[in-house]
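Colleague: These are the residues of each chain, in order.
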Amino acid sequence: MAQSRGPKIGRRPKKKAVPVAAARPWGVIATVAAVAVLAVTIIGYAAFASWRGTRPWGDRLAEISGLTDYKAQKPAWLTQDHKEGPLDYAVKPSVGGDHNGAWQNCTGDVYPAPIAAENATHSLEHGAVWVTYRPGLPAEQVRQLEERVRGKDYTLMSPQENTPGPISLQAWGYQLVVDSASDERIDTFLSAARINAGPEVGAPCSRGITDTGTAPPPSAGG
Amino acid sequence: MHDQNVDPAPPRRRGLVVLLGVAGAALAVAVGLSIGLAMPVLTAPSDDSSDVGFARDMSTHHAQAVEMSMLGVRQAGLEEVRRMALDMGLTQQAQIGTMRAWLKQWNVPPTGTGPRMAWMRDGGMSHDADMADQPAEDAPMPGMATEAEMARLGTLSGAQFDALFCDLMIRHHAGGIEMVDAVLRTDPEDEVRELAEAIKVGQQSEINALTQLKSRLSEQ
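As they're listed, the protein sequences go chains A and B. This note's numbering runs 37 ahead of the 1-based position in the first sequence. This note's numbering runs 79 ahead of the 1-based position in the second sequence.
Keep in mind that the hints were calculated from the coordinates and are not lab data. It is possible that some hints are incorrect.
Stated by the list, open to error - Now the stretches of chain B that chain A is said to cover, found in silico as 3 or more residues with beta-carbon under 8 Å: (1) 93 to 102; (2) 106 to 116; (3) 153 to 164; (4) 174 to 182.
In this text, a Cβ means the ideal position worked out from N, Cα and C, and glycines have one as well.
So that you can see chain A by itself, here it is in the shape it has in the complex:
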């Protein structure tokens, strides 16, 4: 308390001291201010830039553990020509490459039976994510997968004998194999890859064919 009263007592002498303190360190003040302005400007812009630009989909996708990035590893596979009839794909289920002229409808279609890779690959080119599972996956798991697909544009789902695990997800150039429908990576993959991964920017999922069976229908059909 004695100390807090101190300044009051010392007020008068302090007023007298003011004229004495005329020489302020303007150089120091100016330098400190300039540095502060520069620092805050840089930090401010960095913060703004990071807020403005959300991270690119390719980075979000590449970060998923267990993802196979064929776009980086095998870019030569990912050709986009139309070829009719049965085609051979190095990865099963297919993750891209030449395909039939007809695309498999992918407006959130849940196919009850296997479909032709030649048409599904065209859907991948248009930006769809193809969710596949091994026949015999427990019904509850299939139901959980269906919830993520049915009615959701740029997705399609089917059982495929050649699925490399219980469940796998395919986008153009990418594949993710998971054991369970409750795996959180499924949603990360779907949100990063849908529409984004398709090389034919702006292409539709509607008006595709809805045939099932692994043999592609003849080109004039559909």
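Fit chain B to the known structure of chain A by using the hints.
Modeller: Chain B alone, transformed into the frame defined by chain A:
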């Protein structure tokens, strides 16, 4: 505390320094935010840039392909042609939407007042002021169908339609690729580059498909 030998700065002067510091920090935040907010506007492509020219002219170029495709969906003979037309028409219309969104985001009008294709005529570089003053005819865009060709396509159906559709669309796509190559030479914005590259690959594969289709049609 009041010992002048230990602390030569009187409390009032220190208060002033703190005040200056706070004011400086506030100013710095304001300057930083202004720069951050102004950056996208200041760095956006200008009205006479090749990015803007490409977005406008490619939209016009795409629009004719959409028109041809809509005729194809209705009048093509083969299901295959109808399906290709649907694919190309919807895709190109969506790309027009993307390019219009750029122009809006860049704060420039969706259409230009200067001559078409000026950005491409001067080697893709944005033209300087005195060149913009020169009256210039709208250059025809590479690969575009003439009005007469479009009118004729509209009257055809079946196999005749399919044959002319293939010819016109192959030429149209080849012209589109020329425009894409021109903008890619100008070091465009990232979004422009990505779409331009996608258009190039996509239209080249469609040219391949149309060429195959055409040779099959002529065999029949």
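Colleague: Each hint should be assessed against the structure and marked as holding or not.
Modeller: How the hints compare with the structure:
Counting residues of the stretch 93 to 102 of chain B whose beta-carbon sits less than 8 Å from any beta-carbon of chain A gives 4, enough to reach three: the coverage restraint holds. Counting residues of the stretch 106 to 116 of chain B whose C-beta lies closer than 8 Å to any C-beta of chain A gives 9; at least three are required, and the coverage claim holds. With 5 residues having a beta carbon nearer than 8 Å to a beta carbon of chain A, the stretch 153 to 164 of chain B meets the requirement of three or more and the stated coverage holds. With a threshold of 8 Å between beta carbons, the proposed coverage of the stretch 174 to 182 of chain B by chain A holds, since 3 of its residues qualify and at least three are required.
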